[in-house]
Amino acid sequence: MRIKCPYCGERGNDEFSYLGDASVKRPDPSAADASDAFYAFAYERKNVAGPMQELWYHAAGCHAWLVVTRDTRTHEISDVKPAQDVALEQQKTASAP
Amino acid sequence: MSNLANGLAAGKGASISERSDIAVTHVAARRGARAALDDAARTAFGTALPSAPRVIEAGTATIVWAGPDQWLFIEKAQAGSDPSVKLAATFQGLASVVDVSDSRTLFRLAASGPSEALIRGMGIDFEHNSFKPGDVAITHVSHLGVMVWRLPDGSGYEFACARTYARDFRDWLGKV
Amino acid sequence: MTQSQSFRVAGLGLVDRAQPLDFTFDGVPYTGFAGDTLASALLANGVHLVGRSFKYHRPRGILTAGSEEPNALVELRSGARREPNTRATVTELYSGLDAKSQNRFPSLSLDLLSINGLLSPVFSAGFYYKTFMWPASFWEKLYEPMIRRAAGLGRAADAPDPDIYDKANAFCDVLVIGSGPAGLMAALTAARSGAKVILVDENFAFGGRLISDWRTIEGKSGSEWVNSVVTELASLPNVRLMPRTTVFGAYDTGTFGAVERVADHVAVPGPGQPRQTLWHIVAKQSIVAQGSMERPIVFGNNDRPGVMLASAVRSYINRFGVAPGRTAVVFSNNDEAANTIDDLVRAGVTVAALVDTRPMLPPAIKAKARKHGIRVFEGAAVTDAVGGQRVSGARIAAAYGSINNIVCDLIAVSGGFNPNLQVTTHLGGRPQWQESLAAFVPGTLPKGMSVAGAANGSFSLAACLREGARAGANAAAAGGFNNGSASAPAVEDELTEVSAFWHVDGAKHKAFVDQQNDVTAADVRLAEREGFRSVEHLKRYTTLGMATDQGKTSNVNGLAMMAELTKKSIPATGTTAARPPYVPVSLGVLAGEHRGKHFKPTRLTPSHDWAKEQGAVFIEAGLWLRAQYFPKPGEADWLTTVNREVKTVRSAVGVCDVSTLGKIEVHGTDARKFLDRVYINMMSTLGVGKCRYGMMLREDGIAMDDGTAARFADDRYFITTTTVNAIKVLQHLELCRQWHWPDLDVQLFPVSDQWAQYSVAGPRARDLLAKIVDKPFDISNTAFPYMACAEITALGGIKARIYRLSFSGELAFEIAVPARHGDLLMRKLMSEGKEFGAIPYGTEALGVMRIEKGHVGGSELNGTTTAADLGLGKMASTKKDFVGRVLAQRPGLADPDRPRLIGFRPVDRTARLRGGAHFIGKDDQPIAKNDQGYMTSVTYSPMLGHWVGLGFLARAEARIGEILSAVDPVRGETTLVEVVSSAFYDPEGARLRV
Ligand SMILES: [Zn+2]
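Protein chains in written order, with this note's numbering: chain A, 562 to 658; chain B, 2 to 177; chain C, 1450 to 2443.
You may find that some hints are simply not true.
[Stated by the list, open to error] Per label pair, the in silico range of CB-to-CB distance:
no.	chain 1	residue 1	chain 2	residue 2	range
1	C	K2220	B	A53	15 to 23 Å
2	B	I23	C	K2061	47 to 55 Å
3	B	A78	C	I2176	55 to 63 Å
4	C	P1609	B	A78	17 to 25 Å
5	A	K607	C	L2273	53 to 61 Å
6	A	D589	C	K2371	32 to 40 Å
7	B	T48	C	I2176	28 to 36 Å
8	A	E650	B	A53	18 to 26 Å
9	C	I2176	A	K607	28 to 36 Å
10	B	A80	C	A1716	57 to 65 Å
11	B	A78	C	P2082	54 to 62 Å
12	C	G2136	A	P590	24 to 32 Å
[Said to hold, decoys possible] Pairs of lysine-lysine, DSSO-like flavour, derived with a Cα cap of 30 Å:
no.	chain 1	residue 1	chain 2	residue 2
13	C	K1616	A	K565
14	A	K642	C	K2323
15	C	K2248	C	K2277
16	B	K176	A	K642
17	A	K565	B	K77
18	C	K2122	A	K653
19	C	K2061	A	K607
20	C	K2328	A	K586
21	C	K2224	B	K77
22	C	K1616	B	K133
23	C	K1733	A	K565
24	C	K2061	A	K642
25	C	K1733	B	K176
26	B	K87	C	K2323
27	A	K642	A	K607
28	C	K1957	C	K1815
29	A	K653	C	K2328
30	C	K2177	A	K642
31	A	K586	C	K2323
32	A	K565	C	K2277
33	C	K2328	B	K176
34	A	K607	A	K653
35	C	K1616	C	K2177
36	C	K2096	C	K2122
37	B	K133	C	K1896
38	C	K2122	A	K586
39	C	K2017	C	K2049
40	C	K1896	C	K2122
Bear in mind the hints are in silico, worked out from the structure with no lab data behind them. All residues carry an ideal CB built from backbone N, CA and C; glycine is no exception.
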């Protein structure tokens, strides 16, 4: 499988390491339900059959964390974004009135 | 520094040398300071910093893209002066600056184009028309992390690998 | 038979008769020609019997002329280069080739184990499951050795492989797999358009069927046309031609694995030349043009030497100029029989009969047979081959049941053609059954892949050329190369009719479906009777298709027979998807150069050369080579040395290279905030010029790594990690920085290799360092107290850093200089330290001293322990959030009864402790139920004069003084131990603050 790093270009998957589901975000540690939320964050995962957003790390390249949209049935990758950009975007959306 | 490579010739008329006379500084932009950093670089080096994997010769410094918002500044080492200190002053408040002269070993391969063996050995498309003068890649070869760039004047390639992997990398480079 | 090459046909073939090559088979010398395979050279010499079968030890010959060969497997070469199960049909002949038949005892023609054939009821389908259901111990002692002896294939070499293997990468716009008419046209068309093209063929000669069949294109012979195309391709700079290269697998995103047999066709590779190269090919578009494979018809004794696929017969005649017999019977169900007859006649072989399963042959074929005086049997079948070690006749059942015995030494059989579509199924594509072709054709294709020619079920030459040209033009166009013309040379149309026919009824002898695994038609019937009817069950129960040939000549026949037995259609019965590798791939080529000393990189510390001069003993620690201890002349063993090193450090001063620690610069205006969030303790409150021990957790609350943080400026920290976790911690910090808290202004710089860092420990450490650091820097206890750090210069102007850190519990410093000065600094420390009795110490003494102090190491940070388990629970700040905080508080981890770190000493002070021992109540049974914890680290303490250990024990703090059994079932030892504080030596820590 090959992943197109937004910074480095297309590389073989031997350059990347995989973390997992990018749709789960680190919960608010000060929330009342933090204990349950962190449990879910650490352990609960959907077994997605289809397009899934995943975190990959360009370990042998630029050290960027990436959000990769990959179809788990075909390994087809439809989108790759820098994780930092995605996270900043999410923060902006969350803080918007 | 050990001169692992000096005097050893590579095949096909290319020669490999270890660059031992240089200072290497790692520069990373502070959050939100990229535009101002480019302005400072223009003032100091006459050029903005590359946003893509490219290398720029800027007067006395070679500026190599080293990841998003990161660069290596390669300058000639001079007794009694520390380029990283100067860069830290130049980019004060705009970038974090670390001396990495002893972190990496740089090899220069003088060659107008890649040998067949080098093309085969690299895990990225390294053919003459694919990896062009001024191009940079951070990748790995034979399980060894390496940064590589083609000199902007087309006269060769430079490889930077972590110092403690340089022996193994030099072995590999000698074969290609 | 010994007459040299008496089956070579004058005027035919592409072998180079000017280049004779000597070779031996089972010790007998023969001669062949350059351009031969081992199989063609053996046939040229009349050798048909080449091996014994897997289970029944039946005599076997040469069935095919390609990589699908199930029978002609030989041991090639000898000694360390001995290679079993080499297919003679693809082994390129070279001078001095030395091959042996395998799986025979004592000799090929007299095989005593062929008695297995008489015991065949025992060896029928499912015999493993049925016969060996007795006690498991019987398996190891009785069955396995027996089966290994009786069944099996060749013997692997018993010495290390002396050859080298290489890996290579290639990138292209269009990858063309196969160089028959379709592949050549595809490559030519794509290449002419300017696309970067790679053409691979598993054979050593390009051309596929064009050099194996008698063809004419544009007035040229097939091989002449091939030469003209290959010459043009070779002249183009955008084309890479790769003969002897097998694409063994298709992987995601246009990635292909291929093996190039660089030097398999010579006795010994040239100097520096790899035997094989593993290619990793990345192609934007790929064209599968691998042609088709002929399938046999299943009849009695169809495995006898002399039974050969008709296409192979034509290959041996046309390509190699070899007549595979003197008198042939052609047994077929399709129109290719016409070409087979033509070629046999041209080679001077008498064709005794054409047996066709179809009731009515096309008139043209019938006329051709009549012209050559060939008996024609329509609607008939060969029920059995006659003969033992070689075919001597064919038993033919004619349409109306009459039996005819015809004398022959060759039966050319064809049951139709299976497109070679394996590669199209590697990514999950399912082949589709096409009734008109009686074959599976490729189904859904991976993105960027197309199929052309016979691999697509388009068997005529005209269609191959046409489809190849079109596929080449389309693939090039997909990459933006539009100036290719898709025109193909016109050739005469031909007959390609086939009528499905799988197996013969009324065979008198065993009829083989899978010849390599000795699976018979009766086995398939048995599987059906016993309910193993799905293809997957059929395969597992009978082992059909599970041999090294992956059932290339047997899967479809087996499937069709099962369909017939269950009265279902073939598509309803199943399909034949394949997994990589397409052909067996050697482990050597997968390992490539990464073996022996190149198995992994070796990282050397800055003081390595110096340590080597001192006669240090080194130990591998991950990728590092570290000095373990420094023996002095006269020291009896390592323990004596290590005891001396520890005692000297604790009484004078010692120096240890700790450069292997992971080092990361953490900069930015939010560096303090960031470190607060990744360490369990506060780092924002750390003053500039101070260090602090820190621990990081994983988000699940388990300890991840420990190290120190030093602050050199408000926005500039320097942290260390354990040696093994350097990369893991950086990756974790990058995730935190980029993903969890993207708004923080933090920059990370991995600088592990930048610094040579030495621990200088012992009561005289300050005296020694005072001579090293440049004036006016003051390292007195007041100016530079415990846990201080500073950026200084040393040795007369060298940039340096100094930290007042201690792992040993002594007054200690760590001093760092840029790595290039590391060797100098070590030498200076030793020469300047002489007057204080300075010595170097290694990782062993380092470990002893950390256990004496009760510090945690890798055995305690083992991925199952929390900060509280490690006795560091109080370090965790309650004033902030940090990674792992929330989940560390969940009941399971916060349980006060969890085993906690504590110390142990043997009750009998002369007794030895063992790491890994489990703690059991001293009067309890040593069983899992009574397990209370385990020992993680042990050492002999030279300071205390007995062994000490660290371990985890439930409710540990409350049990100081309790006596337990430390049970080590692995070594069969039980030792009584006393629970004590883990701070064995200087528990008040007075020594390190002086
Ligand atoms: Zn990247």
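Going through the hints against the structure:
1. At roughly 51 Å, the beta-carbon separation of C/K2220 and B/A53 lies outside the given 15 to 23 Å, and the hint is violated.
2. At about 28 Å, the beta-carbon gap between B/I23 and C/K2061 misses the expected band of 47 to 55 Å.
3. The beta-carbon spacing between B/A78 and C/I2176, approximately 29 Å, falls outside the hinted interval of 55 to 63 Å.
4. Hint check: C/P1609 to B/A78, Cβ distance near 46 Å, so the stated range 17 to 25 Å is violated.
5. Restraint check, A/K607 to C/L2273: a C-beta distance of roughly 57 Å satisfies the suggested window 53 to 61 Å.
6. Under the hint 32 to 40 Å, the C-beta atoms of A/D589 and C/K2371, about 50 Å apart, miss the expected range.
7. For B/T48 and C/I2176, the hinted distance range of 28 to 36 Å is satisfied, since their beta carbons lie about 33 Å from each other.
8. Checked against the hint of 18 to 26 Å, the C-beta distance between A/E650 and B/A53 comes to roughly 22 Å, which is consistent with it.
9. Between C/I2176 and A/K607 the Cβ separation comes to about 29 Å, which falls inside the hinted range of 28 to 36 Å.
10. Checking the proposed 57 to 65 Å range against B/A80 and C/A1716 shows it holds: the Cβ atoms sit about 59 Å from each other.
11. Distance hint check: the CB atoms of B/A78 and C/P2082 are about 42 Å apart, inconsistent with the given range 54 to 62 Å.
12. Between C/G2136 and A/P590 the CB atoms are about 27 Å apart, so this pair conforms to the stated range of 24 to 32 Å.
13. Straight-line distance between C-alpha atoms of C/K1616 and A/K565 comes to about 23 Å, which keeps the hinted pair within the 30 Å bound.
14. This hinted pair does not check out: A/K642 and C/K2323 have alpha carbons roughly 40 Å apart, beyond 30 Å.
15. The straight-line distance between the Cα atoms of C/K2248 and C/K2277 is roughly 15 Å, inside the 30 Å bound, and the hint therefore holds.
16. Taking the CA atoms of B/K176 and A/K642, the gap is near 37 Å; set against the 30 Å cutoff, the hint is violated.
17. This hinted pair does not check out: A/K565 and B/K77 have alpha carbons roughly 35 Å apart, beyond 30 Å.
18. This hinted pair checks out: C/K2122 and A/K653 have alpha carbons roughly 20 Å apart, not beyond 30 Å.
19. A threshold of 30 Å between alpha carbons decides the hint, and for C/K2061 with A/K607 the separation of about 54 Å lies outside it, so the pair is violated.
20. Proximity of C/K2328 to A/K586 is assessed by CA-CA distance (about 23 Å); at most 30 Å being required, the pair is judged to hold.
21. Proposed proximity of C/K2224 and B/K77 is supported: the alpha carbons are some 29 Å apart, at most 30 Å.
22. Among the hinted pairs, C/K1616 with B/K133 is consistent with the structure: their alpha-carbon atoms are about 24 Å apart, no more than 30 Å.
23. For the hint pairing C/K1733 with A/K565, the CA-to-CA distance comes to about 14 Å; that is within 30 Å, so the pair holds.
24. Of the pairs offered as hints, the one joining C/K2061 and A/K642 is violated, with about 49 Å between alpha carbons and a cut-off of 30 Å exceeded.
25. Restraint check for C/K1733 and B/K176: the C-alpha separation of about 29 Å stays at or below 30 Å, so the hint holds.
26. For the hint linking B/K87 to C/K2323, the alpha-carbon distance of about 43 Å lies beyond 30 Å, and the restraint is violated.
27. Our distance criterion of 30 Å between C-alpha atoms is met by A/K642 and A/K607, whose separation comes to about 21 Å.
28. Of the supplied pair hints, the one linking C/K1957 and C/K1815 holds, its CA atoms being roughly 29 Å apart against a limit of 30 Å.
29. With a C-alpha separation of about 27 Å, the suggested pairing of A/K653 with C/K2328 holds against the 30 Å cut-off.
30. Annotation: proposed proximity of C/K2177 to A/K642 holds, straight-line Cα distance about 22 Å (limit 30 Å).
31. Taken as a hint, the A/K586 and C/K2323 pair is honoured in the structure, with Cα atoms around 28 Å apart against an allowance of 30 Å.
32. The suggested pairing of A/K565 with C/K2277 is violated, with an alpha-carbon distance near 50 Å, which exceeds 30 Å.
33. Distance check on the hinted pair: C/K2328 and B/K176 sit about 57 Å apart at the alpha-carbon level, beyond 30 Å; violated.
34. Of the pairs offered as hints, the one joining A/K607 and A/K653 holds, with about 26 Å between alpha carbons and a cut-off of 30 Å not exceeded.
35. Annotation: proposed proximity of C/K1616 to C/K2177 holds, straight-line Cα distance about 28 Å (limit 30 Å).
36. For the given pair, C/K2096 sits about 42 Å from C/K2122 by alpha-carbon distance, which is inconsistent with the 30 Å threshold.
37. At roughly 29 Å between alpha-carbon atoms, B/K133 and C/K1896 fall within 30 Å of each other, so this suggested pair holds.
38. Restraint check: the Cα-Cα separation between C/K2122 and A/K586 comes to about 20 Å, which is no more than 30 Å; the hinted pair holds.
39. Restraint check for C/K2017 and C/K2049: not satisfied, since their Cα atoms lie roughly 55 Å apart, outside the 30 Å limit.
40. A C-alpha spacing of about 47 Å is found between C/K1896 and C/K2122, which places the hinted pair above 30 Å, so the restraint is violated.
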